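This is what each chain is made of:
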Amino acid sequence: MFTATAQTQRRLVIIGFLVVPLMLLTVFSLYPFAQLVWFSLTDWDGISPEKTFVGLANYERIFFEDQELLRPLINSLYYFIGSLMQLALATYFAVILNRGLPGSNVYRMLLFMPFVLNSVAVSIIFRDFLQIEGGLDALMVMIGLGAFTREWVQDPEIVKWSLVFASVWRYLGFQLLITYGALQAVPQDQYEAARIEGASEWQQFRFITFPTIAPILGLQIILSTVGSLEVFDVPFLITGGANGTKTFIMATLQEAFEFRRVGLAAAMAVILLCFVMLVMVIQRAVFDRGGTK
Amino acid sequence: MNMAKRMRRLTPRKVFWNAVHYAVLTFASILVVAPLLIAFISSFKTPLEMLRGEKTDLPADWGNLQNYTDFLEGQPVGVAFYNTLFVIVVSLFIVTMVGTMAAYVIDRFRFPGRRLILLLYVIVMAVPAITTQVSLYQVMLSLGLVNSKWALIVLYSGADIVSLYIFIVFLGSISREIDESARIEGASYFQIYWKIILPLMTPAISTVVILRTIHMYNDFILPYLYTPRVEQSTVSMLLFKASDMMSSNTEAILMAGIVIVIAPTLIAFFALQKQIVSGMMRGAVKG
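Protein chains in written order, with this note's numbering: chain R, 1 to 293; chain B, 1 to 287.
Isolated chain R (complex conformation):
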C-alpha cells in the first residue's frame, strides 16, 4: 500500500484541486479578457486570418468620429433613473412588510415572483401586454382610465419608460428581498422602545431603520448603476432595439456578430468595461471611507 508523506500529499491536494478551476479561469475568463483588449486594437472582421494592428483608431472613431456609436449609452440613463425609483419603492415595501402585518408573506412572494421567471417568457408577455389594445389598455379601460391609454411601445417618447417599467417589474422583488434581508438585522426591541417613547413611523425609519440598511442601499445603488450600463434582455426581446431603444450592449453585440466589425465592437466592450470598473472603484473608495467593510 502506498502512503505518501505528509508533504507530498499536501502538494498533491493543492495542485490536484486547483488545476481544473485555474484552467477554466484561464480559458474562459482571463484569456478572453486579454483577447478583447487585443482585438480592440485591430480592424479584425471576425473571419479573415489576419488582424491588422490599428492602434487606437477604433477608440478614436467611437469617441470623435461616429457619434451614433456612443448614443445608445444615453439610454442607460433611463434605466438608472428607473432603478433609483425601484430602490425607493423596494425599500418602502421591505419596511412595511417587515412589520409583520397579516398577509406580508403573500405580498412578498408575489412581488418577488417575476424575478424567478424565464427572461424570454416575461419579455414576450410584456411585449403583448404593452401592445395597442393589449392587456394594459384593456385593464385601464376596465377601471375607467380608457382615456389615458397610449401607444406604449410605438411612441418613441414613451417606449423607453415602458421598457423601464418592464425592467422594474422584473427586478423590484429582488431588491425588495435584499433590503428585507438587511432589515432583519435591526433589533426589534429598538422599535418597541421607540414606540414607547412615542416616535412616529417616519422617525422610526429615519433614526433606527435607515442607519442600519444604509450600507446595503449604497451597495444596491452601485449595482443598479452597473446594471443600467449592461441592460440587454428586456429591450432586445421587447422592441429589438427599434424606436431608439437600443442599449450599448445591444449595439456592441450587433457590431460584432451582425456587422462583423469585431475590432470596433471589442473597443466598445472595453469602454463599457472601463465605465463599470470606474463605478466599482468609486464604490470601494466611498465604502472604505465610510468604514463599512
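If you are wondering where the hints come from, they were derived from the structure by calculation, not from laboratory data.
Since the structure is predicted, the reported quantities are computational estimates derived from the model, not experimental observations.
Just so it is clear, CB atoms sit at the ideal spot from N, CA and C, and this is done for glycine as well.
Treat the hints with care, since some could be wrong.
Said to hold, decoys possible - Quick look at which bits of chain R chain B covers, simulated, 3 or more residues with Cβ under 8 Å: (1) 18-31; (2) 106-113; (3) 253-266.
Using the hints provided, position chain B relative to the given structure of chain R.
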C-alpha cells in the same frame, strides 16, 4: 393583557396608515400578477376570441387545450426541456465539485501563489461577463463548442466565480478544529475534504444550487449567442424561436408555450419558497 396592548396600539391614525400600505401593496401586486394572468387566460382562447374580445375577457371554454397541443406538436418542446435539464444537472455537478475543492484548498492551505490566485478571481469577478462575449465567442469557436449544449455547460460552470466566492466565504466561517483533529487522527487531506468538508458545506451548496438553477433556466444571452438552434439549446431559445415564427393570429399558441415554460418554475417556487428566499438573501448579499 395582550388584547389590551393590541387595542392601545390600533389608534385611528395607525389604522389609516395600514390601510394606505395595504392599498399600495395590493395595487403593486395586481400590476405584478396582471400580465401573467392575461397570458394565462389567452392560452385557452380560440383564434376568434383573441381577435374579437378584450384581453381581460375570460375564455368561453377553460377546457380548450388546442393551443397547448399545437405548441407541443409544432415546437421541439421535449428536446428543449431535456437539454435544459441536462445543462442544469451537469453544470451543477461541476460547479459543486470544482468549486468546493478549490474553496477547500484556498481557504485551508497557505501556499505560494495563493494571494495571486485570489487576486485573479477578484479581478475577473469585477469584469462583467457580458462585455467579454465578443472575444469569448472566438474562444468557443476554436474549441468547436458553438452550437453545442456543452458550450452552455462549460460557461455556466467554468465562468462562474460567484459560486466559488460563496463557497470560500462559507468555508471561512467554519471552524478548522474538526478537520485539524481528523488530521491528527491520521485522515488524508482527500478524506477530510470528502468526509468532513463536503458534508459541512451543504448549506452553501444548496444556496448555489438554487441561485444557479434559477439563472440557468431563465438566462437568455448565452443560449442566444452559443446555441442558436433549439436542438442544442434550452427553453429560452425554444420560446425565442417560437415567437419569431408566430404571427398575431397564433399568439395564443405562443402564450400556451410560455405557460408550459413558466409552470415548472412557479410550482417549484411556491413549493420551495422558504429555501429560495433565504438562498437568495444569502447569495445576493455576498455576491
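Against the structure, the hints come out as follows:
1. 18-31: It holds: at least three residues are needed, and the segment 18-31 of chain R offers 11 whose Cβ sits within less than 8 Å of chain B.
2. 106-113: holds (count 7)
3. 253-266: holds (count 6)
Violated hints: none; the structure is consistent with every hint.
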